[in-house]
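What follows is each chain in one-letter form.
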Amino acid sequence: MGQVQASGITAIIDNPDRETELLIGIAQRILDRARQGGADQAEVGISSSLAREVGVRLGEIEVLEEARDRGVRVTVYRNHCSGSASTGDLRPDVIDECVDRALAIARHTQPDKACGLANPEWMAREFPDLDLWHPADLGIQDLIDRALIMEQAGRDADERIGNSEGASVSTEAGIGVYANSHGFIGSSRGTRHSQSCVLIARDDSGMQRDYDWDSSRRFEALARPEETGTGAARRVLRRLGARRVPTGPVPVLFAPEVARGLIGHMVGAVSGGNLYRRSSYLLDSVGDVVLPEWATLIEQPRLPGGPASACYDGDGVATRESALVADGKLLRYVLSNYSARRLGLTTTANAGGVRNLTLAGPSRSPEQLMAEMDTGLLITEVMGQGVNLVTGDYSRGAAGLWVENGEIAWPAEEITIAGHLRDMLGNLRGAGSDIDQRRSIRVGSLLVDRMVVAGQ
Amino acid sequence: MFEIARAQLLDASGLGQSEIELAMGRLAGQGIDLGDLYFQRRVREGWMLEDGSVRQGNWDVDQGVGVRAIAGAGTGFAYADSISLPALLDAADSARAITRSGKTGQVRVQQSALARQRYGEQDPTGQGQPSDRVELLRTIDAYVRSLDQRVSQVSVNLSASHEAIVVASTDGVLTGDVRPLVRLDIRVLMEEGDRREQGFSGGGGRFALEDLMDPETWQTFASQAVRQGAINLTAEAAPAGHMTVVLGPGWPGVLLHEAIGHGLEGDFNRKGISAFSDRIGERVATEECTIVDDGTLEQRRGSLNIDDEGTPSGCTTLIENGRLVGYMQDKLNARLMGVQPTGNGRRESFAHLPMPRMTNTYMLPGKHDPGEIIASVEDGIYAVNFNGGQVDITSGKFVFAASEAYRIRNGKLGGAIKGATLIGNGPDVLTRVGMVGNDLELDSGVGVCGKEGQSVPVGVGQPTLRIDGLTVGGTA
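Line by line, the protein sequences give chains A and B.
Residue 483 is where the first sequence ends in the working numbering, and the numbering goes up by one at each step.
Residue 564 is where the second sequence ends in the working numbering, and the numbering goes up by one at each step.
For the record, the hints were derived by calculation from the structure and aren't laboratory data.
Some hints could be false.
[Claimed, not checked] To give an idea of the chain A side of the interface with chain B (calculated C-beta under 7 angstroms), a few residues:
| id | residue |
| --- | --- |
| 1 | 88 |
| 2 | 89 |
| 3 | 115 |
| 4 | 118 |
| 5 | 188 |
| 6 | 232 |
| 7 | 234 |
| 8 | 304 |
| 9 | 320 |
| 10 | 323 |
| 11 | 325 |
| 12 | 413 |
| 13 | 419 |
| 14 | 441 |
Beta carbons: idealized from backbone N, C-alpha and C, even for Gly.
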C-alpha cells in the first residue's frame, strides 16, 4: 500500500475521482489489515467533505468558515463477536491503530448471531448516476454577497424587524466510500447548497424570532436569496402578539415543516432497533392499519437528485423502490441487516434510515385543509422531547396560529399539544399538496382530527 | 495538566514554542483583535449490553487543531484534522481571510499560571481491563433483572473519554487541560399485561472509571431505573392546563438551564436577541432565588479547570435574591460588551467555534422543608424526573418533558401520571416561585446541552421548588 497523503483542501471538488480512489485505497488497506489480524469479516465506511460557510449579521460579516471533515469507521467480526473503531485522522498509523483496537474489542464482546455482513448476493451491483453531484464554482465573496442580499431583503420587509440573528450561505461537497470483506466497494458523491435567514421582530407585545431556509443539490435551484429573506420576515411577523389558547380538545393542522416529524415518529416506531428492543407502540404491526385508507407511503431511495438518494444502504445492500404503507396498512418494517436478523426477518435495505419517503394519495391545498378544520390550531413549531415511542404518548410544546372559520385569526404560543400517535396518525383527516421536497420525509400539511391543547 | 497535554499534542507532532509563535504571527496581523489555536485530542471508549450480552464495543479517536481569527464581531475559522506545522499554517491563512490585510504580526506566548485542579488527570480509557468492563455490564444486567420480574429488556451503556487540549492565543495565553469523563446509563423496559413502560437512570462525571464500577453507585442507578419503570406502569393520563407545579431536587434543575441559563449567555445578549437582553439589575425572580453557573465544582460533569479559550473556570452569579446580576461570557462577547470573560467559552471540538455555554447551573437552597412544600399545594403536580428541554431564547418560551410525575391533591401526593411536557415563559417563571426547598441536589451527571449544533457536557441542580402556575401538557 502506498502512502496515504492528506490531500489539498479543494481536492474533493477539483478531482473527485482521485479523492474517491484515495478513500478506496484506505478502505482496502483497512480490510487487509483486519483480515491479517484474524477477522472473519470486516466493513469500513469513509467520508470526506469540504464545506464553505459564511454568515452575515446586520450587514457585516460574522463568520467565514472552511470545514474539511473526514472520518472512517471500521467494524470487524470474529467468531460472531464484533468490535468497532473510528477516527477523523486518516494518517496510516492512526488508521492501523483503529483496526487493531477494533480487533481487540472483538476479543471481549460476546457472541451475537445477528452480527456480521449482509448476504453477498444482496450487495448493490449497479450504480446508476442519481444526479447528486453539482459542485458550484463559488468564491467566498459570492457567498457573502448572497447572504447580504438575503438578510437585507428580510430587514427591509417591515419596520418591526429591527434586529437579526443573521443570514448564512453554505456550499458542501462530500464523497463516501463503503467497502466490506465480500469484496463489495461502493462510492458515492453529493453536493448540498444551503441558505438560511433568522430575523427578530418586536412590537409592544414583545420580541419574536423565526427563520426560513432552502437547500438543494444544485446551487442554481436554490430559492432566490430575497425570497428566503422575505420568507423569514413573513414568518416572524405573523408571530408578533402571540398568546395562549384556552385548554381543551381541538383539531390540529400540522404545517409541512412539523408534519414530517409525525411521519418520522411512525417510521421510528416501525424501525428494527425499536422493534427488537420492544420499545415501540407498533410491535407486530405489519398488516395493521396505521394511517387512513387514503394514505400510501412510498420509499424512493434512487430518486434522481433526492435529498437522501443512494444506490446502497449502510450495509452495502442494493436499495429499491418500495411501499411502506399502502391504503393505510403497514406493509413492512424499516430494517437494517442487523435488526432484521434480530427479528428473524430479512433486511429492507434501510441501514441508515428511510430514503425519500413520500406520502402519496389525495391531497388538498393548505387553505382547503384550514377550511375543513374550521376552528382549531395551525402548528408551525414544536418544542422538546415529549414523544414516547414505547407507549405512543405524545406531549410537546408548540407555537402556531389560531384558526377561526377557516381563516388565520391570531398567533398562539406557550401551549402544549398532546395525544396518542396511533390516534393522531390513524385519524388523519387530510394531507396537503404543499409537499416539502427538501427533506428525506416528503409530506405536506397534515390535519389531525383532535388533540388536547393546554394553554390558559 | 499543561505538561501532559503539551506532550500529547505538541511534542508528539514536533511543534515547539517557535512553531506556535510562527502560526500565531499569521493571526496577529493588522485588523485582528484576537486569534487563537486550539489543539485537541480525544479518545472515547464505549461498551453496550443489550438482551443479556455485551454486543458492541467502540473505540474512537479524534485530534486536530482549530484556528480562529477575530476582527470586530467577525470570525474567520478553519481547522485541520491532523496536527502538523503545514496543516496549522494552512488553517491560519484560511482563518485570517476575515480581514483583507495581508500583514502579519509577532506574538510571544508563555505558559499561563496554573488554574486550580478540579479533577484528576488520569485516563479512564486506559484504566483496568476490557474484560472487567464486560463483566461489570453482565453483573448489572443480572442485578437489574433480579429487582423486578416485570423487567423484560435491559440495556446498559458504559463510556469513558479522555481529552487533552492546548490553547494558545494572541493575548499571550498558553495553557492546557486534561479532562476525563465517564458515564454509565441503565435503561429498562418493563411489561405487565398489555402495558409497556421504560425507566432510566445513570450518571457520571470527571473521575475514574473505578468510581462508577463501585457496586454502591451502579446499584443505586439500577434501582432508580426499575423504580421509575414500575411507577410508569401504574401512571394515568396527566392533566392539561395551567396549574401549580412542584419540581423535585436535582435533575429537574433543567428548568433553570432552559428557562434562565440560555437566555443569560453573552452572545444572545450582546446581539439583543434574548428575552433577558438589557435587563441587568431587574427583578426576574422572587427574592428566595439565587442562581449560579459554577464550573469549579470538584469532578462534576460540567466542570472545567479552564474553558476552551484558556480562561480559568469560575462561579458566576446569574440571579441574586431575585435580581439579574450577570451573564456568561466567552472572550469575543466579553470584549464587545466591555466586561470580563467568565470562563464559559466552550466548544464541542477543534472543528467547532467556541461560544458562551453553561457549565453546572443550579439554584442555591432556600429554607423550606420539601414535605412542607408539597403539603402547601391544594391541587397540582409533583415532577421529579425529566427527559430534557428546549428554549426559544427570543420569546423566552421553554419546555421540559417530565418522565416521572405525580398528582398532588389537598397537600398529599397521589398516583403517578404519564409523562407530559411543561411549558412556560423564562423571564417570568421564577417570579412565580412560591417556595424554595432546603434540599439542594445536583444531578447525577447525564446532561448534554445542544446549541447551534454543538453538544457539550453540563450539570444542573436545584432544591425542591414550588411554581405557582405552569402549563402542563396532559390529555386529561
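Going through the hints against the structure:
no., hint, result
1, 88, "5 angstroms, holds"
2, 89, "6 angstroms, holds"
3, 115, "5 angstroms, holds"
4, 118, "6 angstroms, holds"
5, 188, "12 angstroms, violated"
6, 232, "10 angstroms, violated"
7, 234, "5 angstroms, holds"
8, 304, "6 angstroms, holds"
9, 320, "26 angstroms, violated"
10, 323, "29 angstroms, violated"
11, 325, "30 angstroms, violated"
12, 413, "4 angstroms, holds"
13, 419, "10 angstroms, violated"
14, 441, "5 angstroms, holds"
Taken one by one, the earlier hints fail for this structure at numbers 5, 6, 9, 10, 11 and 13, listed in ascending order.
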